[in-house]
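**Q** Residue numbers (the numbering used here), protein chains in the order written: chain A, 12 to 471; chain B, -18 to 92.
No lab work stands behind these hints, which were simulated from the structure alone. Some hints could be false.
To be verified - Listed next, the in silico DSS-like pairs over lysine-lysine satisfying Cα-Cα at most 27 Å (straight line):
id, chain 1, residue 1, chain 2, residue 2
1, A, K97, A, K120
2, A, K120, A, K372
3, B, K70, B, K(-10)
4, B, K55, A, K97
5, A, K372, A, K235
6, B, K(-10), A, K97
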Amino acid sequence: MTSTIEPTTAPTSPRGTSGHATETPQGALDRPVELQRTLDVSGLVDSDGGLIDRAVFTDAEVYQQELRRVFAPSWLFLAHTDQFKKPGDFFATFMGEDPVLVTLTRERKLKAFLNSCRHRGARVCRADFGQTRNFTCSYHGWSYDLDGNLVSVPNESGYPESFAREQWGLVEVPHIETYNGLVFATWNPAPVPLRESLGNMAYYMDAMLDHDDEGTEVIGGVHKWVLEGNWKLAAEQFATDWYHVNMSHGSALMVMSPTGKGPRDEIVHRTGRQYVDPNGHGAGFPVHPKNRFDAKTVHDHIDYTALRERLGDARVEGPLTNGHATVFPNFSYLPVNGSIRIWHPKGPDRMEVWAWTVVDKSWPEEVKQAQRLYNLRTFGPSGIFEQDDGENWSECQAIAHGFITNGVALNYQMGLGSERHDGRHPGTTSELYSDAAGRSFYARWRTLMNTPAWHEGDTR
Amino acid sequence: MSDGILVAKLDDIPEGEGIALDKSVTGTVDNIALLRDEDGSVWALDDTCTHETASLANGWVEDGHVECPMHASKFCLKNGEVQGLPATKNTCPHRVEVRDGDVWLYPNEAP
Chain A
12 MTSTIEPTTA PTSPRGTSGH ATETPQGALD RPVELQRTLD VSGLVDSDGG LIDRAVFTDA
72 EVYQQELRRV FAPSWLFLAH TDQFKKPGDF FATFMGEDPV LVTLTRERKL KAFLNSCRHR
132 GARVCRADFG QTRNFTCSYH GWSYDLDGNL VSVPNESGYP ESFAREQWGL VEVPHIETYN
192 GLVFATWNPA PVPLRESLGN MAYYMDAMLD HDDEGTEVIG GVHKWVLEGN WKLAAEQFAT
252 DWYHVNMSHG SALMVMSPTG KGPRDEIVHR TGRQYVDPNG HGAGFPVHPK NRFDAKTVHD
312 HIDYTALRER LGDARVEGPL TNGHATVFPN FSYLPVNGSI RIWHPKGPDR MEVWAWTVVD
372 KSWPEEVKQA QRLYNLRTFG PSGIFEQDDG ENWSECQAIA HGFITNGVAL NYQMGLGSER
432 HDGRHPGTTS ELYSDAAGRS FYARWRTLMN TPAWHEGDTR
Chain B
-18 MSDGILVAKL DDIPEGEGIA LDKSVTGTVD NIALLRDEDG SVWALDDTCT HETASLANGW
42 VEDGHVECPM HASKFCLKNG EVQGLPATKN TCPHRVEVRD GDVWLYPNEA P
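Next comes chain A alone, as it looks inside the complex (with noise of 0.2 Å):
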C-alpha cells in the first residue's frame, strides 16, 4: 500500500459514544431498557441443516437487532483511500444507517465521525462528498474542524458557565483500519484488528487489490441506486452463489456471447471453488488455467505471467478473474470488472447500493477506461447483469410479507458436508455450486444476533 495516510485510532468510553476522549454529557438522561427488545434469533437459522426462516428478511425487531448487533460491532467498508488526497477531503457514507463523514484531517490522518449535529442533530454536512475546512451545521451554525472539534457556536455567550464547547465536538468512530486500499471503521471501542478479521479471504482480496505495488484507484465517481430487499440477500448472494449465473443472467451472457446462442458448454458448466470463510465471508470463482479478464483491452494489458509470479498459480486461475465475494457483513466485489461495493440497509425491506470501479493504479489511461466501461455495461445501474440480480432479491423480498409465505423455510442445503480443506487454496472451501458460504454467512449472523454487544454494558 503506496497511500501515504495514517489510520487513526481514538480513545473510547465504554459506551462508544465519546468523540474526542470526553465522556458524552448524559446528565439526567437514562433510557429505559425496554427501548430495546432483545430477540434470541437461534431458531431463524439452521446453519447445520441449512435452513433459513424469511423472518430474518422482514422482521422490524430483528432488523433494529441487526444495526445494535451486527451492523455497530462490525468492521464496515467506508471508501477508498484513493478518495482522500488533500486535507479536507471529505466523502459523506452511512454505517449501517448511522451516517458517517471520513476526513483527511490536516495531519494526513483518516477520521471518521457520526455526521450529526451535536445541538439538535442534523447533518453537519449535506454534501456527499467534496474538500472543506469546517463542517457547519446548516440549521444553527454550530461548526467543527476537521478532528471534529467543535469551533464556533453562535451566540455562545447565552450558554451557562458550565457549556464547555471540548464537550460537544462531533462523535468519532474509535477505530478506522485500511487494508489495500479499502478503508474500514467499526464503532466497537476493543475489536479484533482489521486483518484479524479478515483471516483468509485476505488472500482472495489480494486477487483484485495487490497486482503490484502501486495499488488500486477508484474512477468515475460512486454510482448509487436504491433497491427494494433486506440487504442479505445481496450479501449472501455476493458470497454463496455462483448457482444463479446460468439461469438468471441466461439473456446477457446470450447477447455477450460471440454467436449470440450462449456461451460455450465448458463455460456454462464451469468448475471451481467456493471459500468458507468461520467470520462469514465468502468468495465463489471458476478454477481454469486460461482464466482471463474480459475487457479486451484490459486482457491485452495484463501481464499474466508477472501475476503468476507475485500472486501464485492458485490465485491467477481462480479468484483472479470470474468470481464474487463479500466481506461480512455488508462489503461486496468482483474482480473480473472492478466493481466493489457496499448494500447499505435501509429498513428490512430496503438497501442502497453504493458501487465504486476499482482499477490498477499502474494501468494507462485507455485501460482504465475499457475496464470502466466493462463495468458499466455489466454491473451497476446500468449493467445488464445487476438488472437480473435487483430483480431476484426485490421478487423474494416483495412476497415475503405474506403469512404463509414467510413461515416457508428456505433452502441453502447445496454442498451440504462438503466443506474441506482442497490443498490448494487457503481456509476451507466448497464447489463452486454451493451454498456452504452462505451457511457460514448466516451462521455468523446469527452469532452476532445473540451476543450482547459493548453498548449493553452500561444500560440500566
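Given the coordinates of chain A, assemble chain B onto it according to the supplied hints.
**A** Showing chain B alone in chain A's frame:
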C-alpha cells in the same frame, strides 16, 4: 499614511485562497487576511469575521468576495462591505500593491 510593508511573495498566495498576517507584523488592531481572487488580484481585509471568531484568510475567495469558512458570511474584497448573512457588520479593508512579484501592504490605508 504609513509606509508599505513587504508581507509576501505573490506566488505564496494561491488563487482563490488567502494567508493570515499577524497583527504584530502589521501593527493593526486585528490580524490581516491577504486574499487573492481567482483573477489574480490581491486584497487585504481585517482577518476576523465580524459575525463569530473565524479567520477570513481560511475562507474561499472568488468573484470579488471572500466567504467565511465558518458560517459562509461574505465580504467584498475591495471595500470590506458585508454581502451576506449571518454577518451584518462590514470589515475593514487595507490597501495592497503588487510590485515585481512582491506584495506590499499599507495598513489602515483605504484601497
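**Q** Where does the structure disagree with the numbered hints, that is, which hint numbers, in rising order?
**A** Per hint list: single violation, 3.
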